[in-house]
Amino acid sequence: MAHAAAAAHHTSLGLDSRKLAFWAFIGSECLLFASLISTYLIYKGRSLVGPYPHDILNIPFTSISTFDLLMSSLMMVLALAAVQRGDLKWAKVWLFLTALLGIFFLAGQVYEFTSFVHEGLTLQRNLFGATFFVLTGTHGAHVTVGVIWLLTLWSRALGGKLGKANALTVEICGLYWHFVDVVWIVIFTVVYLIQ
Amino acid sequence: MRESPAGEHAHPTAGVYLRVAAVLVILTVIEVGVFYVPAFHPVLVPTLLILSALKFSLVVMFYMHLKMDSRFFTFLFGGPLLLAMVMTMGLMFLFGAFVLKR
Amino acid sequence: MSATKGGGLTSWLTTTDHKRIGLLYFWTAFVFFLIGGLEALIIRAQLARPGNTVVSAETFNQLFTMHGTTMIFLALMPLSAAFFNYIVPLQIGARDVAFPRLNAFSYWVFVLGGLFLNASWLLPNHPVPDAGWFGYANLTSREFSPGPNIDFWLLGLQILGVASLAAGFNFIVTILNLRAPGMKMMRLPVFSWMTLVTSFLIITAFPVITVALVLLMFDRFFGTHFYLTSAGGDPVLWQHLFWIFGHPEVYILILPAMGIVSEVLPTFARKPLFGYTVVVYSGVLIGFMGWGVWSHHMFSVGLGPIADSVFSATTMLIAVPTGVKIFNWLATLWGGQIRATSALHFAVGFIALFTIGGLSGVMHASPPADLQQTDTYFVVAHIHYVLFGGTVFGLFAGMYYWWPKMTGRLLGERLGKLHFWLMFVGMNLAFFPMHIIGLLGMPRRIYTYAPELGVAKLNLVSTVGAFLIGASILVFLINVWRTRKRGKVAGNDPWGGATLEWTIPSPPPPHNFDVIPTVASRLPRWSMTQLTAIPEGAELGKPHAPAGSWWPLVAACGLPVLALAPLTHTLWVAFLGAAILITGIYRWAFEPFEV
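Chains as they are written, first to last, in this note's numbering: chain A, 1 to 195; chain B, 1001 to 1102; chain C, 2001 to 2595.
So here's chain A without its partners, still in its complex pose:
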């Protein structure tokens, strides 16, 4: 009988409870973003006044943002691999780079939002402004939380406190980060490319 010492920490599925909870959370977030995306799609083409998407969306710029986020997912997965093999040095490097790419993404969003506002697209201007800013703003808020989480893990690593035993916390941060990336993949396609 293998569950002698583990009697108090037995898990029915043999899976970590925190990981289970986090996948359930990600499932729940699908509904959150789907509601925002649905609102965007419902109101597409119904703005009474411009600017309209084709007037203002900058595909080359946003493609770079998309590329940035995809690369940050790569950095994240390399960070996790480093933590899993106990490589503190590379864990620090990859975690920092992931966070940095996240910050670049956010900087790009800030630039994009301010330039849109300069060109006359505000939250209040029309339905495109309202739905666009709330959808991408919610996504940006999620990225911000992710960056804070990554920097927290990075600072733990700097203090030497991110060993193999903490791999799960890094994995869960990774799940969050990749999910945020995946939502962007959908937004990039649905908002920017399919106009």
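Just so you know, these hints were derived from the structure itself, not from any lab. Relax, there's no trap hidden among the hints.
Listing some non-contacts, in silico: residues in chain C with all C-beta distances to chain B over 12 Å:
| hint | residue |
| --- | --- |
| 1 | Pro2321 |
| 2 | Trp2334 |
| 3 | Gly2454 |
| 4 | Ser2527 |
Cβ-to-Cβ under 7 Å is the rule here; a few derived chain A residues that face chain B:
| hint | residue |
| --- | --- |
| 5 | Leu74 |
| 6 | Thr189 |
| 7 | Ile194 |
Distance windows between CB atoms, simulated:
| hint | chain 1 | residue 1 | chain 2 | residue 2 | range |
| --- | --- | --- | --- | --- | --- |
| 8 | C | Tyr2586 | A | His54 | 36 to 46 Å |
| 9 | A | Gly163 | C | Tyr2586 | 15 to 25 Å |
| 10 | B | Met1068 | C | Leu2576 | 40 to 50 Å |
| 11 | C | Ala2520 | B | Val1025 | 46 to 56 Å |
| 12 | A | Gly160 | C | Val2031 | 44 to 54 Å |
| 13 | C | Glu2591 | A | His54 | 45 to 55 Å |
| 14 | A | Gly86 | B | Thr1074 | 25 to 35 Å |
| 15 | A | Ile148 | B | Gly1033 | 27 to 37 Å |
| 16 | C | Ala2578 | A | His54 | 29 to 39 Å |
| 17 | A | Gly163 | B | Arg1019 | 20 to 30 Å |
| 18 | C | Leu2576 | A | Asn58 | 30 to 40 Å |
| 19 | A | Asn58 | B | Thr1074 | 30 to 40 Å |
| 20 | C | Gly2491 | A | Ile148 | 45 to 55 Å |
Cβ coordinates follow ideal geometry from the N, Cα and C atoms, glycine included.
Add chains B and C to chain A, keeping to what the hints say.
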């Protein structure tokens, strides 16, 4: 309270991750290409949806490790994801997105 | 940061014990139930006669809005949560839930959210929410609701949503991952199964209303036009988003009570639940199908024949698994050795009353018929037969059933039966006439009516029924009071129950089980041999139970502070709230806490 790696199998190597990253970049390039090349415009929507679905799947299956992990996680994520997609389709239908134009 | 055991205030503020949290939920929710009930009694007093002047029209709008919002979010859901908390870990053979501090956080956020919502009563001119519990646009726009009433509503609900979501994640993981050895999913008690389905409904439905409320918040505070036609927006979007949440919400409200009834009936019929597998699958099916019916709340909006037909069909279909459960419950009683306890009275009452509510529900499923019924008292009758006759009766069945386990004493049976009969008669007097007055043309949500409508007598009957319900609750409270010191001592298993909660003392020790049992059947206590053997290598003696923590409470406090920012139009308050929340979360994350 760290469980034994019951739910984790052999981790993909860095090589796999890099190859996935390369494919993601290529897919993105194709997406942007489809957007700019007028010849593709009749099939723009389905093409872009398929390409982005591919990217989505690659990130979820490999970077989020879903392919190698317990099926349970797939269920926890896939169920609500399916629900979300059906809800979006339903709402789009109700607001006239699928009405044929005269 | 550990906290002390014992009865002090600190130990209650820092508790992470699911049993204590269950009790906190219970008493808090019961107080809100009384407040919601008081709101109902004032409504009924106002409607007792045509042209009455008990309250003004504005106050009347606030009363029915808060009655609905309070009963649904502050009373019925948390009362169910009280039982999820107390009973589910015991039924599955666990020492606590998967995330005890998250559990505490859910409770504190609930209390603070409920206080936030009701704080509006205390301000000058009482700017209480007044646009219905469903807050339709564009009545809720800044133009038509300029005061802070709707702001209290949308901010309060967002706070409460966080509490529900946290609890949802907790119970999903608890039920899936913390079951005792041998407790396969198809050996899980039905109440725990229904808790699982309800938790999935919560985590998928609440994000949708969160978005609906956020969009409303943007319209009211930041000048967007999500629900306003002046810029091309559509108020019907609110209705869709709200009811996509709202319909699963009513299944969130009824499934736990159905779970309770599925436990009570077998115990007092001395027979296993008839068709356990079918009852479980029906519950799961109801959960899924509940997502496909939402626009039956919108048949009068003009969605078009295709939408109306589709939703009509799906709504009729969902009656099938529901009906299946009813037949299974009846078959459980049939041929059983019935012991007519108070708990059983309420469970049987549930079956009868919920069936009536289901019948009126099926009548609503037909769009042409619904055009006559919608927005009339006919719907109010339906709602109250399923939510009062259903959920409330089910919850009282649970109270009489599990009171001995939670307190160590049995509630008095004579007072219990008096409570039942007063409540049963009162309920039917209050709500049956509403079918009739609804079809005679009395609309919902009107503060008075003309005598010519011909509904005065039945309204009076309804009011009498409502006050009878009030009297029955008093009887219950008297029972509770007398039982504290004079109730019969319960022992482990006063009823001869089949499930694991009856194997341990009443009330259970902090760690629940001295030895986690290994389960070999669906009815472990009715096949006792499986439990007497102590598994090889199991740890004996008093196992460690987790200490408390302040951080869930601290983090929870950040949310109402954050919500105050829009109400007070001050930005620094938002930063303060965020700082409290983030501090609480960080200290929580880095606190050494052994589960």
